[in-house]
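Fit chain B to the given chain A structure using the hints.
For reference, the chains in residue letters:
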Amino acid sequence: MEKAVIMKRASSLILLILLSVSCEELTEYSPYDTNVREEYINSMECDKVCNSCVHSEDTLKFAVISDVHDDYDNMTDALESISKQENLQFIICNGDITNFGLAKEFEWYADEVKKSSIPLITLIGNHDYRSNGLQIFEKLFGPVNTSFVTGNYKFILFSNVILENNNMSPKYEWLIDEISDSSKHHIVVTHVPPFSGEMEGIHNLVFRQIVNSENTILCLHGHVSYFEDSNYNGIHTIITNKIYNREYSVISLIGNQSFVKRINF
Amino acid sequence: MSDKVLPTVLFTVLLSTIIFSPLFGDDPDSTVFSGNNLYVKTQFAGNIGLLSVGIGKEYLDGKLTVDLNYGYLPACINGTSVSTFAIKPAFRIKDFSIAAMQSSLSTGICFTYSATRNTYNKYPDYFPEDYYLGNAMHANPFLRISLFHFPSESKSGRLSVYSELGTMEYQIWYAMKNKEVSFIEICNLCFGLTYRLK
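As you go down the protein sequences, you meet chains A and B in turn. The first sequence begins at 1 in this note's numbering and counts up by one. The second sequence begins at 1 in this note's numbering and counts up by one.
Isolated chain A (complex conformation) (with noise of 0.2 Å):
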């Protein structure tokens, strides 16, 4: 056999079984897969931020970013800025973090958390339930009700998102057991505000009901991709801009007193 021919043979069989060795990494099933790794990230950052040094019981200084959807550069950019910002805790990020619920956008989100030099817990939002959204998230992050406590707060994540997760109501009994403790100063988070649309009617009276001025100091939304700074049902209310418009907010508590700064960057 001319030595062209062998070479031609050696050359294209030699890539071939390269190839297919190494293409366990590059094979996509489908784009609706759940195949992440289980990471619990919500968990980990929780727990960064239970064992940080707290500088007084009574005073603490975070970060909200929301609705990220596809705008990982912005992302990396509001967490430089975050990462300049002084004595900030921690970062919440208010849901919306995909626009379909795909795995590969879950993770790329992940690998932006992971780059963070704070700590960084992450709520669902509406885009997130849609498709197998909800199973990657709970791999990923971990349940979607979840709460943390930092000196005299107790911070209370839940999900009331409705529509996206089969019209299903949210777990109303989670947030009472959460919020009956009255030994810490409540924030709850939210994605969805309890005045917007999907929330009008029983889940709006509801909400009312279980979160009020009496059991909470501050209620912190997404969603309506707008900034807004209000009082709603007798409870400080804030909704951080989404983060396509280059902003986030760094929210300040002393006591049971809130105040909210609009961050540009």
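FYI, nobody ran anything at the bench for these hints, they're computed from the structure. For clarity, every value in this text was computed on a predicted model and none was experimentally measured. Among the clues, some could well be false.
[Unchecked claim] Just a sample of chain B residues kept apart from chain A, beta carbon distances all over 10 Å, derived: (1) Asn36; (2) Ile55; (3) Tyr59; (4) Thr80; (5) Leu105; (6) Ile109; (7) Glu185.
[What the hints assert, rightly or not] Pairs of lysine-lysine residues, derived as DSS-like cross-links and limited to a Cα-Cα distance of at most 30 Å, are as follows: (8) Lys122/B <-> Lys114/A; (9) Lys179/B <-> Lys84/A; (10) Lys122/B <-> Lys139/A; (11) Lys84/A <-> Lys63/B; (12) Lys115/A <-> Lys179/B; (13) Lys114/A <-> Lys154/A; (14) Lys261/A <-> Lys177/B; (15) Lys48/A <-> Lys179/B; (16) Lys171/A <-> Lys154/A; (17) Lys184/A <-> Lys154/A; (18) Lys94/B <-> Lys139/A; (19) Lys177/B <-> Lys114/A; (20) Lys171/A <-> Lys179/B; (21) Lys177/B <-> Lys115/A; (22) Lys179/B <-> Lys261/A.
Note that beta-carbon positions come from the ideal geometry of N, C-alpha and C, so glycine has one too.
Okay, now just chain B, sitting in the frame of chain A:
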């Protein structure tokens, strides 16, 4: 992320070599590609399931192929099952030979419709009208290298293997929009077999 570097580099090397290198001849046996034949096929991966089967037809003397596929991803692999229907038109853009194997390079788009949880073309009535665009359909561009291993006059000559380097429409948009999403991260590979019926 970085675990995708090696296979992507290898595929790119293979592709570049095919297109540019004198190592590979450009003297294909024209009889291999001629005719408007029917074919059946099976494919591993490629965003249409763990395994898919399909049937297709050649047009324009084999320059254009269109196949219909059904793919399935079982719950034991994925955590939830996904059924996918796909139509794949592809144009043959270059014929060549690799190590005495008649081969071709094609490009096309795989249009998919998938059925799994929370995936709709028309959303249930409890959603407000025009709340979302449907999320059950995708368009996945690909480059395909087909290798015809055996002498074309034999029965086994009807068999070919192929590999496709593909991506998805939303991933292209994400990579264009974000420096954080690299080209390597949006690539995927699949492998398949086709058998010409006539």
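How the hints compare with the structure:
No Cβ of chain A comes within 10 Å of the Cβ of Asn36/B; the nearest lies about 29 Å off, and the non-interface call holds. Consistency note on Ile55/B: stated as away from chain A, and its beta-carbon is indeed over 10 Å from all of that chain's, at 21 Å minimum. Listed as a non-interface residue, Tyr59/B keeps its Cβ farther than 10 Å from every Cβ of chain A; the least gap is roughly 29 Å. Distance to chain A contradicts Thr80/B as a non-interface residue, since its nearest Cβ pair spans about 5 Å, not more than 10 Å.
The claim that Leu105/B lies off the interface holds: its Cβ sits roughly 14 Å from the closest Cβ of chain A, which is beyond the 10 Å cut-off. For Ile109/B, the shortest C-beta to C-beta distance to chain A comes to about 15 Å, beyond the 10 Å cut-off, and the non-interface label holds. A Cβ of chain A approaches the Cβ of Glu185/B within 10 Å, the least distance being about 8 Å, so the stated non-interface status is violated. Between the alpha carbons of Lys122/B and Lys114/A the distance comes to roughly 36 Å, so the proposed pair goes past 30 Å and is violated.
At roughly 22 Å between alpha-carbon atoms, Lys179/B and Lys84/A fall within 30 Å of each other, so this suggested pair holds. This hinted pair checks out: Lys122/B and Lys139/A have alpha carbons roughly 28 Å apart, not beyond 30 Å. About 58 Å separates the Cα atoms of Lys84/A and Lys63/B, which puts this hinted pair outside 30 Å; it is violated. For the hint linking Lys115/A to Lys179/B, the alpha-carbon distance of about 15 Å falls within 30 Å, and the restraint holds.
Between Lys114/A and Lys154/A the CA atoms are separated by roughly 24 Å; this keeps the pair inside 30 Å, and the hint holds. For a cut-off of 30 Å, the pair hint linking Lys261/A to Lys177/B stands: about 28 Å separates their Cα positions. The suggested pairing of Lys48/A with Lys179/B holds, with an alpha-carbon distance near 29 Å, which does not exceed 30 Å. Straight-line distance between C-alpha atoms of Lys171/A and Lys154/A comes to about 18 Å, which keeps the hinted pair within the 30 Å bound.
Between Lys184/A and Lys154/A the alpha-carbon distance is near 6 Å, which keeps this suggested pair within the 30 Å criterion. Annotation: proposed proximity of Lys94/B to Lys139/A is violated, straight-line Cα distance about 44 Å (limit 30 Å). Taking the CA atoms of Lys177/B and Lys114/A, the gap is near 21 Å; set against the 30 Å cutoff, the hint holds. Taken as a hint, the Lys171/A and Lys179/B pair is broken in the structure, with Cα atoms around 38 Å apart against an allowance of 30 Å.
Taking the CA atoms of Lys177/B and Lys115/A, the gap is near 19 Å; set against the 30 Å cutoff, the hint holds. Only pairs whose Cα atoms come within 30 Å are accepted, and Lys179/B paired with Lys261/A is accepted, the gap being roughly 29 Å.
In summary, the structure is inconsistent with hints 4, 7, 8, 11, 18, 20 from the numbered list given earlier, while agreeing with the others.
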